[in-house]
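Use these hints to put chain Y onto chain W, whose structure you have.
There are 2 protein chains.
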Amino acid sequence: MSNTKDKKPLILVSNDDGITANGIRKLVDLMKQIGEVVVVAPDSPQSGMGHAITIGNTLRLFRERIFPEVEAYKCSGTPADCVKLGKHHVLKDRTIDLVVSGINHGANTSISVLYSGTMSAAIEGAIEGTPAIGFSLCDYDPEADFDHADEWILKITEQTLKRGLPKYTALNVNIPPKRIEKVKGVKVCRQANAKWEEVFDQRRDPTGKPYFWLGGNFVNFDKGEDNDEWAIANNYISVVPCQFDLTAHHAINYMNEEWEL
Amino acid sequence: MSNTKDKKPLILVSNDDGITANGIRKLVDLMKQIGEVVVVAPDSPQSGMGHAITIGNTLRLFRERIFPEVEAYKCSGTPADCVKLGKHHVLKDRTIDLVVSGINHGANTSISVLYSGTMSAAIEGAIEGTPAIGFSLCDYDPEADFDHADEWILKITEQTLKRGLPKYTALNVNIPPKRIEKVKGVKVCRQANAKWEEVFDQRRDPTGKPYFWLGGNFVNFDKGEDNDEWAIANNYISVVPCQFDLTAHHAINYMNEEWEL
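Protein sequences, first through last, are from chains W and Y. Following the numbering used here, the numbering of the first sequence begins with 1 at its first residue and continues without gaps. Following the numbering used here, the numbering of the second sequence begins with 262 at its first residue and continues without gaps.
With the rest of the complex left out, here is chain W:
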């Protein structure tokens, strides 16, 4: 899967914060140093969309000229829709060498990978057999500083193009927030065992009817040092290779032994 040709690799860029977010602008700037960039990204924020796709409704796709010298499109759909449209419509006669998504404004470590629109774009690339990376900065500030991540994002991208990834995998890359201490390096690791403990904030609208805000506290059950939460807490960049076979293979034997059907 490595790119050995002389021509520049073709890189499809998407995200979930929307095409005007600072994070995607930074990612486009970095990818332009490596390859030919085409952007298909949501026309509005799509955080928390998980692996949603647009069924039973139509999609819009329009040219957008906000990135200098880069072919870009804004799409009314989800991040997964964007990659599908990029692959099967915008670039349908060409081979995409890499799908990258982000840089997300906020962490997508541990369980958050399931809810992440950023990672759904990357996993959609992996489903197509294309190497793919989702980048997230563990800082929710829309004005967060991404510069400390530049060299690492370039390195991880170049290694992905040079060394390839096992088929049907996408990388979930999380970058610690900018601190006084420099980032220590990269840890290839597993998804931490953690979850969100939901708290619903119930309020009343002006007519007296109830409504809710979803909120929650993050609870980390994982005592290991080989997971993404540990890496970020210790100022490493976490790289979790992800796949989309949800089968709990260990449970098949259990059920075939214990169940009576």
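Simulated from the structure, these hints should not be mistaken for lab results. The structure presented is a predicted model; accordingly, all values stated were derived computationally and were not measured. For glycine and all other residues, C-beta sits at the position ideal for the given N, C-alpha and C. Among the hints, a few may not be true.
[Unchecked claim] Computed cross-link-like contacts, BS3-like style, restricted to lysine-lysine with a CA-CA straight-line distance of at most 27 Å:
{"no.": "1", "chain 1": "Y", "residue 1": "Lys470", "chain 2": "W", "residue 2": "Lys92"}
{"no.": "2", "chain 1": "Y", "residue 1": "Lys484", "chain 2": "W", "residue 2": "Lys167"}
{"no.": "3", "chain 1": "Y", "residue 1": "Lys416", "chain 2": "Y", "residue 2": "Lys293"}
{"no.": "4", "chain 1": "W", "residue 1": "Lys7", "chain 2": "W", "residue 2": "Lys155"}
{"no.": "5", "chain 1": "W", "residue 1": "Lys223", "chain 2": "Y", "residue 2": "Lys428"}
[Said to hold, decoys possible] Residues of chain Y placed beyond 12 Å of chain W at every Cβ, according to the derived structure:
{"no.": "6", "residue": "Lys268"}
{"no.": "7", "residue": "Leu271"}
{"no.": "8", "residue": "Lys293"}
{"no.": "9", "residue": "Glu442"}
[Said to hold, decoys possible] Calculated Cβ distances over 10 Å to all of chain W for the following chain Y residues:
{"no.": "10", "residue": "Lys269"}
{"no.": "11", "residue": "Ala282"}
{"no.": "12", "residue": "Gly296"}
{"no.": "13", "residue": "Ile327"}
{"no.": "14", "residue": "Lys335"}
{"no.": "15", "residue": "Glu404"}
{"no.": "16", "residue": "Asp408"}
{"no.": "17", "residue": "Lys439"}
Below, chain Y alone, put in the same frame as chain W:
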């Protein structure tokens, strides 16, 4: 995790086709034979929502009296939102013994598990440490006949309550469409290696602007006989135990060996 008490198990029911779908009415009727049922389901169809949750927007939740003698609520959010609201608001002082979702009008085999709202409700249950099952009928007709599945849905549910599931797993159960030949039985299996090959149907709106319908052809790469596509094609009910650790564990060694970072 088995229910050994005398009291009836508490079963939270959700779906992605919306609270008025035939599939959830059938599931509620079946679950009432086994336990105490509480329903929290979307107020409108949520097919293809994957593991989306509602961030940056509010949620509504209202009592709905369409199921005789059953406490039920319709929610403006996604299937994952419904289970979160069911667990942390509606039933927050009680222990849920089982989360069931469906019966979906349409298959959620192989790769479709990623896009499935039905399964996101079940997986949300698994994240909470509660045994969970998503049921889908491989028939997209809203008026499809579910009766041939009754005995199997009851059996699988009873076994789940009696034998339990390994922690953090949810069952993805797909039921063949009604045929002249009776269902042959149940196969515990893995998710097939298959994907959707997208085809976008481009049209023009009355003002001349383009829009798209997402469509696609299902492509099955899997030659095995231990997967859900094989089971359905051979008139078995497929049961795939699913988990939510997306780590491609096999890729970690590869990257630690081959990559230079």
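Checked hints:
1. Y:Lys470 to W:Lys92: 21 Å, holds
2. Y:Lys484 to W:Lys167: Distance ~17 Å between Lys484 (chain Y) and Lys167 (chain W) Cα, so the pair holds.
3. Y:Lys416 to Y:Lys293: Holds - the C-alpha atoms of Lys293 (chain Y) and Lys416 (chain Y) are around 14 Å apart, at most 27 Å.
4. W:Lys7 to W:Lys155: 19 Å, holds
5. W:Lys223 to Y:Lys428: Holds. Lys223 (chain W) to Lys428 (chain Y) sits at ~18 Å (cutoff 27 Å).
6. Lys268: Nearest chain W Cβ is 23 Å from Lys268 (chain Y), so the label holds.
7. Leu271: 18 Å, holds
8. Lys293: Nearest chain W Cβ is 22 Å from Lys293 (chain Y), so the label holds.
9. Glu442: 19 Å, holds
10. Lys269: The assertion about Lys269 (chain Y) holds, with a minimum of 21 Å to chain W.
11. Ala282: 13 Å, holds
12. Gly296: 19 Å, holds
13. Ile327: 20 Å, holds
14. Lys335: 13 Å, holds
15. Glu404: 17 Å, holds
16. Asp408: Holds: least Cβ distance 19 Å, greater than 10 Å.
17. Lys439: 20 Å, holds
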